[in-house]
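Engineer: With the hints as extra help, turn the sequences into a complete structure.
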Amino acid sequence: KAGVTQTPRYLIKTRGQQVTLSCSPISGHRSVSWYQQTPGQGLQFLFEYFSETQRNKGNFPGRFSGRQFSNSRSEMNVSTLELGDSALYLCASSFAGNPDQETQYFGPGTRLLVL
Amino acid sequence: AQSVTQLDSQVPVFEEAPVELRCNYSSSVSVYLFWYVQYPNQGLQLLLKYLSGSTLVKGINGFEAEFNKSQTSFPLRKPSVHISDTAEYFCAVSDGFNKFYFGSGTKLNVKP
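Chains A and B, in that order, are what the protein sequence lines are.
Convert by adding 22 to the 1-based position in the first sequence; the result is the number in our numbering.
Convert by adding 2 to the 1-based position in the second sequence; the result is the number in our numbering.
Please keep in mind that the hints were generated in silico from the structure rather than gathered at the bench.
Nothing here was measured: the structure is a model prediction, and the numbers come from that model.
Among the clues, some could well be false.
Output of the computed footprint for chain B on chain A, the stretches with three or more beta carbons under 8 angstroms from beta carbons of chain B [what the hints assert, rightly or not]: (1) 77-89; (2) 93-107.
Taking CB as the label site, the calculated pair distances span [what the hints assert, rightly or not]: (3) B:S54 / A:P30: 19 to 27 angstroms; (4) B:S54 / A:R52: 20 to 28 angstroms; (5) B:S5 / A:G84: 17 to 25 angstroms; (6) A:S92 / B:N70: 12 to 20 angstroms.
Note that CB positions come from ideal geometry on N, CA and C, so glycine has one too.
Structural biologist: Structure below.
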């Protein structure tokens, strides 16, 4: 079974641009969560989608948005990039939509550098 | 909101020695607790989780953790570490609403 895949793996953007990251969950998984990982702030929860609906959201500004498609693939978009958005963005999927009790499987991440 | 504290940012240890990585959380409600490991340039992998029942939880790669409700702690232990255990370890808590809070991580450096 293929694991969680994220594309692209690396990305360089400049301030003010926007970026879209993609996450393909494990086949059959319907819940996808996104996290931002930085050396200073550690891992922070961005949002979680289940069956194309955003069920939970972390404390990030509205520049961060996401969506989930009918095949459970998810995209995350960041508009008007700031230097502080440089981070590793991780996505995780789980099967039944109850990540608390199901195991979350993480992708390798997309490393975003904002110049 | 929940918060998770990992007091040690780095833990050096010799191979075959025991290790304990500390984790404390703040919560006034029941929580679910997790330990994840992250190897360089990889995502996170679940080591173990506590949902309910026995407070001693055994995970993969010989790791175990013990839930202590009165001290709101969930330390990760391994009786004998290997070089291959060198990685960063994250403690996480969920309050049951599909929202996870992670600690800042502890880098375990196993020396030969």
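Engineer: All the hints need checking, so say for each whether the structure fits it.
Structural biologist: How the hints compare with the structure:
Only when three residues or more bring their CB closer than 8 angstroms to a CB of chain B does the claim for the stretch 77-89 of chain A stand; here the count is 3, and the claim holds. Counting residues of the stretch 93-107 of chain A whose beta carbon lies closer than 8 angstroms to any beta carbon of chain B gives 0, which falls below the threshold of three, so the coverage claim is violated. Checked against the hint of 19 to 27 angstroms, the C-beta distance between S54 of chain B and P30 of chain A comes to roughly 40 angstroms, which is inconsistent with it. Distance hint check: the CB atoms of S54 of chain B and R52 of chain A are about 24 angstroms apart, consistent with the given range 20 to 28 angstroms.
Taken as a hint, the range 17 to 25 angstroms holds for the pair S5 of chain B and G84 of chain A, whose Cβ atoms sit roughly 24 angstroms apart. Separation of S92 of chain A from N70 of chain B is about 44 angstroms and departs from the stated range, judged on CB atoms against 12 to 20 angstroms.
Violated hints, in rising order: 2, 3 and 6; the structure is consistent with all others.
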